[in-house]
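Protein chains: 2
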Amino acid sequence: MTETINDLPQVMLEGAKAARAASRTMGTLSAEKRVEALEAIARHLEAAKDDILSENKKDLDAAEDNGLDAPMVDRLRLDDERLGGIIQGVRDVAALDDPVGDVLAEWERPNGLKMSRIRVPLGVIGVIYESRPNVTVDASVLCLKSGNAVMLRPGSDSFHTSRRLVECVRAGLKEAGLPEGAVFMVPTTDRAAVGHLLSGLEGNLDVIVPRGGRSLVERVSQEARVPVIGHLEGICHVYVDKGADLEKAKAIVVNAKLRRTGVCGAAETILIDKARADELVPEIAGALIDAGCEVRGDETAQARHDGIVPATEEDWSTEYLAPIVSMRVVDGVRGAIDHISHYATGHTESILTEDEDTAEAFLREVDSAIIIHNASTQFADGGEFGMGAEIGISTGRIHARGPVGCEQLTTFKYVVRGDGQTRP
Amino acid sequence: MTETINDLPQVMLEGAKAARAASRTMGTLSAEKRVEALEAIARHLEAAKDDILSENKKDLDAAEDNGLDAPMVDRLRLDDERLGGIIQGVRDVAALDDPVGDVLAEWERPNGLKMSRIRVPLGVIGVIYESRPNVTVDASVLCLKSGNAVMLRPGSDSFHTSRRLVECVRAGLKEAGLPEGAVFMVPTTDRAAVGHLLSGLEGNLDVIVPRGGRSLVERVSQEARVPVIGHLEGICHVYVDKGADLEKAKAIVVNAKLRRTGVCGAAETILIDKARADELVPEIAGALIDAGCEVRGDETAQARHDGIVPATEEDWSTEYLAPIVSMRVVDGVRGAIDHISHYATGHTESILTEDEDTAEAFLREVDSAIIIHNASTQFADGGEFGMGAEIGISTGRIHARGPVGCEQLTTFKYVVRGDGQTRP
Chain F
1 MTETINDLPQ VMLEGAKAAR AASRTMGTLS AEKRVEALEA IARHLEAAKD DILSENKKDL
61 DAAEDNGLDA PMVDRLRLDD ERLGGIIQGV RDVAALDDPV GDVLAEWERP NGLKMSRIRV
121 PLGVIGVIYE SRPNVTVDAS VLCLKSGNAV MLRPGSDSFH TSRRLVECVR AGLKEAGLPE
181 GAVFMVPTTD RAAVGHLLSG LEGNLDVIVP RGGRSLVERV SQEARVPVIG HLEGICHVYV
241 DKGADLEKAK AIVVNAKLRR TGVCGAAETI LIDKARADEL VPEIAGALID AGCEVRGDET
301 AQARHDGIVP ATEEDWSTEY LAPIVSMRVV DGVRGAIDHI SHYATGHTES ILTEDEDTAE
361 AFLREVDSAI IIHNASTQFA DGGEFGMGAE IGISTGRIHA RGPVGCEQLT TFKYVVRGDG
421 QTRP
Chain R
1 MTETINDLPQ VMLEGAKAAR AASRTMGTLS AEKRVEALEA IARHLEAAKD DILSENKKDL
61 DAAEDNGLDA PMVDRLRLDD ERLGGIIQGV RDVAALDDPV GDVLAEWERP NGLKMSRIRV
121 PLGVIGVIYE SRPNVTVDAS VLCLKSGNAV MLRPGSDSFH TSRRLVECVR AGLKEAGLPE
181 GAVFMVPTTD RAAVGHLLSG LEGNLDVIVP RGGRSLVERV SQEARVPVIG HLEGICHVYV
241 DKGADLEKAK AIVVNAKLRR TGVCGAAETI LIDKARADEL VPEIAGALID AGCEVRGDET
301 AQARHDGIVP ATEEDWSTEY LAPIVSMRVV DGVRGAIDHI SHYATGHTES ILTEDEDTAE
361 AFLREVDSAI IIHNASTQFA DGGEFGMGAE IGISTGRIHA RGPVGCEQLT TFKYVVRGDG
421 QTRP
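Residue numbers (full-length UniProt numbering), protein chains in the order written: chain F, 1 to 424; chain R, 1 to 424.
One chain only, chain F, in its complex shape (with noise of 0.2 Å):
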């Protein structure tokens, strides 16, 4: 579906303009009105219910008319008890501790001057996302929170129901008499559209949250004049040390890749140590095989176990997103801090061992956003953060590293308070 805009440009600029504009004030309000925002588009998504869901239904028959993959349309369908969610999620959102004001420091200067670093909201947050309709409201919740303005940009298969979803979104802004601008949704499913959000819109936007297929973060990491805060890829390793308790390894190793295999913190490459590969490999990989994951070997693994395949070069770069996984084995944790610094995306790393000191020597030396211990790699999400919600993982090592929640989505100033300094 296309609805072509001719002034899409001109609609755009004014939309960022407007966006900018309310920022200012969403960014200077009391946590208490922002609160009461929150509360007022919960109330305003729970009136328009049916009609979100008729809206729903639309898209759903365009997708089954074009043919969506299963995934896909799961995704995008909503139902009453998930609209119930997302709302609930909104209400938790509004729960959570006001971000904006926060001071970060406080310090004096000999001179007199009293320095103090304060947290500030972003400004104008593009978010360009996939045809998942809950995303439209988490990620305008979490801005609106954090003391942002946010333009949209949703997959076209969920045209109807986010556009939808954002007219509660701006009615709930407009009853706490709130500037509606403060959301912006692009009004056509037109491409052009992302590309005006990556050209920076004449300084109104001040960073975009891709989330979706490595092509779409690729070509908003190339094309985008503004910051990008997000992830290309989710390439997590399992590290089992010979230190490893083996019936704690083979449950989390099985939950790391099999619990949700389309999530970015799903494992892609597990590693055995060299020093018990004899025990590890067959035990791993038959846990693996059993729930009906395909493992995919180097030759020593494959050695030590018959239904493993071979892996080729190409695998340890390869993020599956599936029911396949590769296996590695590597001397120790030398071994296998090495592969991981070749291979990983700077998102999630995971080691088992019941040895403090190699345990430690991973943590400190593996350099991705997460790094865990004795755990599985699917805790990688804002809400196992406790951060309440999160509106992606970032893998970039700038301003925001893993989970990206109303923290995440603000800055800081500095405000210095004299009494008539002149520098000397």
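Be a bit skeptical, because a hint or two may be false.
As the list claims (entries may be wrong) - Simulated pairs of lysine-lysine, DSS-like, Cα-Cα distance not exceeding 27 Å:
| hint | chain 1 | residue 1 | chain 2 | residue 2 |
| --- | --- | --- | --- | --- |
| 1 | R | K33 | R | K174 |
| 2 | F | K242 | F | K274 |
| 3 | F | K242 | R | K114 |
| 4 | F | K114 | R | K242 |
| 5 | R | K174 | R | K49 |
| 6 | F | K33 | F | K174 |
| 7 | F | K248 | F | K274 |
| 8 | R | K248 | F | K114 |
| 9 | R | K49 | R | K33 |
| 10 | F | K33 | F | K17 |
| 11 | F | K248 | R | K114 |
| 12 | R | K17 | R | K33 |
Unchecked claim - Label pairs and their in silico Cβ distance ranges:
| hint | chain 1 | residue 1 | chain 2 | residue 2 | range |
| --- | --- | --- | --- | --- | --- |
| 13 | F | R214 | R | H342 | 37 to 45 Å |
| 14 | R | S317 | F | G177 | 27 to 35 Å |
| 15 | R | E180 | F | G383 | 43 to 51 Å |
Think of the hints as simulated: they come from the structure by calculation, not from any bench.
Only a predicted model underlies this, so the values are computations on that prediction, with no experimental measurement involved.
Every residue gets a Cβ at the ideal spot worked out from N, C-alpha and C, and that includes glycine.
Given chain F's structure and the hints, the job is docking chain R onto it.
Coordinates of chain R only, in the frame set by chain F:
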């Protein structure tokens, strides 16, 4: 001067790979080891003083032949005293608190997972800068202190001096048993090298810090495939409120504009409260003019003092970096905030008033990196903030705002400690 290198792309890529490898070592050293390296660097600089000055002489002679203007030659010139200052700067940075490994936050989840956020180095930092030899050393030691590796591209007029300085830095690293590859200087003045840095060198460069003229910074912002930390312009404002103390205000305005006119924290526009314009305009403009400054005012200002020449719309967006200032009469603090939100570049703004409520409104609502009450904008400097040294000032909104010191050259990772948890 251009030294052409035939295989420049290869040389750059090898330098970047060596820097990446070195960064892994630098980031996991003890704080003591980093201090040891910086002290060795200071000793090597001391031992090579005569040699450095004779390389500097080569650059100065070439600068004369090339007709460089006096301020640029002055920036380029080293003498015994300046070199002593640079070496003292190395020891000052060595004495700073080590930022790496700080535990920024710790908490436990209901499932028993122990979460922590740990400060880690950014990785490999590219610095592109003007022909100022001190930056070669400052940038190197700030990056090393914070556990990073650095790739330097100094202005071509300082090529010989910078090359000799970098030899000392690398000799210090070697003496401390650390990889020399942690500091790489582009071995040619060929401008093509800048393009290679901007392309990101196959993921071996994590961030670029551009310093210098607007054209360089704009090129970097447009072309860089890696994140950029820096600033385009510092159009800094001083707003003189009706509640200002006149004597303080005159002293601060003159200092903010004229202490040094070539720094990014110098004031470029003075805003005067309409409610007291009859007194403030002649007093403030008079003080500036007496001190040798040209004042370009709007009509309201011109009508109140003879020496003010007319300003055009362009003046409000001009960074003079010279003894010229624009002056506009605005309608109180709201008028000042409106002007600033339109014309400021996000660097530093100051309000002069004895009225606390007015000051607090300004400090809260103005959204630049540094907001000051009753003091000069020329305090916008890492040293004045107590950071010890800075690699530049950032006007971007993400990662680092304001002075970029050691701490701003770091990022963080999450370390999660479990005892067998799988995600339900």
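Right, here's what the structure says about each hint:
Using a Cα cut-off of 27 Å, the hinted pair K33/R and K174/R holds, with the two alpha carbons roughly 12 Å apart. Taken as a hint, the K242/F and K274/F pair is honoured in the structure, with Cα atoms around 8 Å apart against an allowance of 27 Å. With a C-alpha separation of about 23 Å, the suggested pairing of K242/F with K114/R holds against the 27 Å cut-off. Only pairs whose Cα atoms come within 27 Å are accepted, and K114/F paired with K242/R is accepted, the gap being roughly 23 Å.
At most 27 Å may separate the alpha-carbon atoms for a hinted pair to count; K174/R and K49/R meet this at roughly 19 Å. A hinted pair counts as satisfied when its Cα atoms are at most 27 Å apart, and K33/F with K174/F qualifies at roughly 12 Å. Between K248/F and K274/F the alpha-carbon distance is near 19 Å, which keeps this suggested pair within the 27 Å criterion. Annotation: proposed proximity of K248/R to K114/F holds, straight-line Cα distance about 17 Å (limit 27 Å).
The suggested pairing of K49/R with K33/R holds, with an alpha-carbon distance near 25 Å, which does not exceed 27 Å. Proximity of K33/F to K17/F is assessed by CA-CA distance (about 22 Å); at most 27 Å being required, the pair is judged to hold. Only pairs whose Cα atoms come within 27 Å are accepted, and K248/F paired with K114/R is accepted, the gap being roughly 17 Å. For the hint linking K17/R to K33/R, the alpha-carbon distance of about 23 Å falls within 27 Å, and the restraint holds.
The given range of 37 to 45 Å is respected by R214/F and H342/R, whose C-beta atoms sit roughly 40 Å from each other. Evaluation of the 27 to 35 Å hint for S317/R and G177/F yields a pass: the beta carbon distance comes to about 34 Å. In this structure the supplied range 43 to 51 Å holds for E180/R paired with G383/F, their Cβ-Cβ distance being about 45 Å.
The structure is consistent with each of the numbered hints, conforming to all of them.
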